[in-house]
Amino acid sequence: DATAQSTGSIEVGGAIIDIKDDPTRVNKYSTSLPDDDSGVYGKINLDAAGESTSVRLDGEFHDQDSSTYQLDINAANRLRFRSSHDKFNVWLNHDRLDYLNAGIPSGGKAAATLDGLIAAGTAGYAAQPAQNGDGATVGKIWSVPDFNWLDPNNVTGYIGQGASGQLYAFNPALPYYNTATIANPPEAIKWQQVGRASLYGEDFVPNRDFFMTREEFKNSFDIQVTPNVTLHFGHRLEKREGIDQSIAMSKCTSCHITGQSKRIDEETEDLRLGATGKFGLLTVDYEYLNREFRNRTSDPLRVFDPALAPNPRTQYTTGNATFDNRLLYDYEAGAIPYDVTPESDKQSHVLKARLDLSNNTVLTGSYVNAEVESNKADSVGMTVNKSQITTQYDGYGLRLTVRPVQRLALNLRGKVEEVDTSDFSYSLPPMGTGSASLGGVPDPAYYTDLERHASNDGDKLTLGIDGLYRLGRKTTLRAGYEYEKFDRDYEELGETETQTVKLSLKTRFGKTVSARAAYSYQEIDEPLHNPHGAMYVDPVTGLPYYDKDQQTSGVIDGVWQPGFLIGSGPSYGTDFYDLRTADLSNLPESIHEVKLSSTWSPSASFAATVALRGRFEENDLTSSDWQQESYSPSVSFWYAPTDKLNLTFLYNYLGQRAESKFCQGWYDG
Amino acid sequence: ATGAIREKQLTLPVIDGATPVGQQVCLECHEGVGAGIHAHLTDFQTMGGTTGCEACHGGGSLHVDADGDKILKFAELRPEESAAVCAKCHSGGKLMDWTHSEHALVDVACTDCHSVHAGGKVALKKQDPELCFDCHQEQMAQSNFPSHHPVKEGKMTCGDCHNPHGDLNTDELARDLCLDCHARHQGPFIFEHAPVEEDCTICHNPHGAVASNLLKQNEPFLCLQCHESHFHVTRLGGSVPANNVAFSAYNPDGSLAGTPVAGSGSPPTGGDTTGSVAQGTFVNPADPPATVQISNTLGEHSWQMAFGTRCTVCHLAVHGSDLPSATSPSVNRTPSPLGGIADPGSGDGQGWPSGGLGLTR
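Protein chains in written order, with my numbering: chain A, 3 to 671; chain B, 5 to 365.
Pulled out of the complex, with its shape left as it was, chain A reads as follows (with noise of 0.2 Å):
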């Protein structure tokens, strides 16, 4: 037809990356290499109109794993279809996990050997001088059917497992050597560093990339069905798919971390259904989520490393008893899956109803039902009573704008939430539990039927006032309060009240400057906070970490008081979480915010800005002080020389400083 036109454009060109930094921090999206790059790329524009219909085709092409389309049908305003396929990698993190390595390798008896403490008439121990790889004798080296009879206290060096899968123990000659080779049979042999505390890390997959590619489709489909009601259809799938490094740790009483690589492949489907319906001065619309988040791949396994407390032959003395009988599982549970990703299943369905009204008044309705469930199961270590939990939310909004006069605006809101997630409890059976533990049996009630704790079920309400005024043609004043409270059904995170208060003033000097100032500031009361986090203060002495049942210990009127540092009395490992009083939070109690900017734009292809924004928190909650300073100036300027040519220059400055002041105990667990 007479008024039809099309347009297009392509673009080819191409890109250079060079990276002297983690390639993963700096060049996260890089298209192709993790490291530097090259390429080429191509863009596609395709634009074509009538007068009744429209098609639009925008495509962005770096390579397979990076690239854009999007097609946009418009056939009378009355049908539209739009469907993109977007897909970008993504480099992950590799912790090389080389900074994992500390031990203490000798206990009481640095010079002890197992020989010294293997019962006597044990089968299946032999020794035999450990070697390097130049066949120099390092230490000593036993053949162990198994680990639980190794001591952590008196344990000299390292464990390790060979790869017939004999276990094996060493105790070097010095502190340096950490490997060391068998001679008959001869075997490679992996080796863990162990003894009285000991840390390592290992990677086992030190050459791999680390990535996920991230690809999703969307379809929406809109249909006027008659001047007052359109039908949406919306499809969406996003897939993950790549390579992550999935850690593990293990304890007691190393701390061993482990590196692997896990494969991810999850899918998230959406389909959505809704309508809008105009009737007169009412505007409703409804949507339907059906949501489904599959993880298709297979848990990440572990064999975690022998438990060397609980173990009632070799355990810590009973003064030591730290965590006797506490220990879910260890390498007698075989490999166990970690690092997993739970499945869910959500639908949400939204309704809102606007109606307008004459004198620009607005108001607004809407109800919000969402609901997600995910299926749970026994683990080892861990029993639970359902089989799946499902968190509600409930949502209710009201708002309502008015002008009772020309240069006022008024808008009121309101909104009420509740998120409730149904009950649930979980039983924790320690390995040790039948075990007569020199620590004492535990008790199997302390750990049966523990109640799951949802931490952000509870009702919120908001409500909030905002006024704009325009004090003159070119400048308005405006003003706004909101208060809001969130009683957590937890009584241990408490009921969170915040009250903000907002001013702005805005404003143009003649045609070319603009200009605006901001203030607001927030009131907190009791912010999420860690409750009893760290310290415990003795009431006796005021004095943190030492035992109050206990003679108290440390300087007192300048005199020195023997006694029990928790950590290393008898409470500790046992009650000290429980003794602690400091709460803890990097959530503030009073925000004070300032934000001033000005423009100033000679023509309509120049325009200059300066900004700077300031921010003060802070907290002062039980035993703890936490602030937070941010300051933020900018100065931009933008230049259009042709309509087809901008340029942006922009200067941004940040700079933060957060301080959180609490008594830290120096303890050893």
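It should be emphasised that the hints constitute simulated quantities derived from the structure, not laboratory data.
Keep in mind that the hints are not guaranteed to be accurate.
As the list claims (entries may be wrong) - PhoX-like mimics (lysine-lysine), calculated; alpha carbons at most 20 Å apart, straight line:
(1) B:Lys159 with A:Lys45
(2) B:Lys98 with A:Lys220
(3) B:Lys156 with B:Lys129
(4) A:Lys142 with A:Lys192
(5) A:Lys220 with A:Lys241
(6) A:Lys462 with A:Lys45
(7) A:Lys663 with B:Lys220
(8) B:Lys159 with A:Lys241
Please read these numbers as outputs of a predicted model, since none were measured by experiment.
Using the hints provided, position chain B relative to the given structure of chain A.
Frame of chain A; chain B shown alone:
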């Protein structure tokens, strides 16, 4: 008809006395102006309301004779006036909350972002994010921080998370917006991390961060604002033999002489720097024992290196897990021999933290 009712009932800017003349009259002078979707609206889309140029600009009868005047010019209308005209049709979907949006409250007009006569994606003057960055320049800078969402790479736009005509692109809690893409953190989990359930922005800055993974600060400093560090940071206080304690942070060069002090009220006995120290003893912080070199292959600071870096190396399931940690260090002991903090949610006397938390598996 709905369109006619809205034109009649709503308070719209008008040119007094002007009446419609029809779009063809407008095009006699303004040829080529109407290239976008608004130029082709039919009675079906306007629901029986006015179509053509006069649907937005008002009746043109006076304008024809007024030499370019006597017509609604959006550049001269107040933002609320131009919004009222647009809201004749655009009252549903993401436009439903416009009057309460932050943009409306800071006096932004529809025409500040949209060029109604132009075609293209929702008739924006520029594409997202360039358009948004014109005003939100700090966010533009943050999008170039080392850790950022792929906005500058063209894989995301501001509009994926923000509704410029309302608030965020969710009608639920803010975290549900993040879970649209990060569904692996949806849960609900058996073992939760409370801030994850509350609000992702407690730990993350979605606009960009210097620290990895959009964290507001690097580990461990972020974590240590809510948690005290633990385990062998210095080994001070452990009842382990003096000659094997990794005092390296406390006594880095091993030069300090020590005075282990017996417990249970015994007077100090000095000089014991080689033998074991009995259970229940402590060390006078002002006079620690000498240390010996230990076989830490990363040197005397190896404990601090390990426990002063990334908390998530061990607490890997920091977003929540359905699997318990290796230990349950303090589970609902009733009563505790030393008293302690009651756990009101558990119904008994003890239990913080509940066993199995720790998010290590």
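Each hint tested on the structure:
no.	hint	result
1	B:Lys159 with A:Lys45	14 Å, holds
2	B:Lys98 with A:Lys220	18 Å, holds
3	B:Lys156 with B:Lys129	18 Å, holds
4	A:Lys142 with A:Lys192	16 Å, holds
5	A:Lys220 with A:Lys241	11 Å, holds
6	A:Lys462 with A:Lys45	47 Å, violated
7	A:Lys663 with B:Lys220	18 Å, holds
8	B:Lys159 with A:Lys241	15 Å, holds
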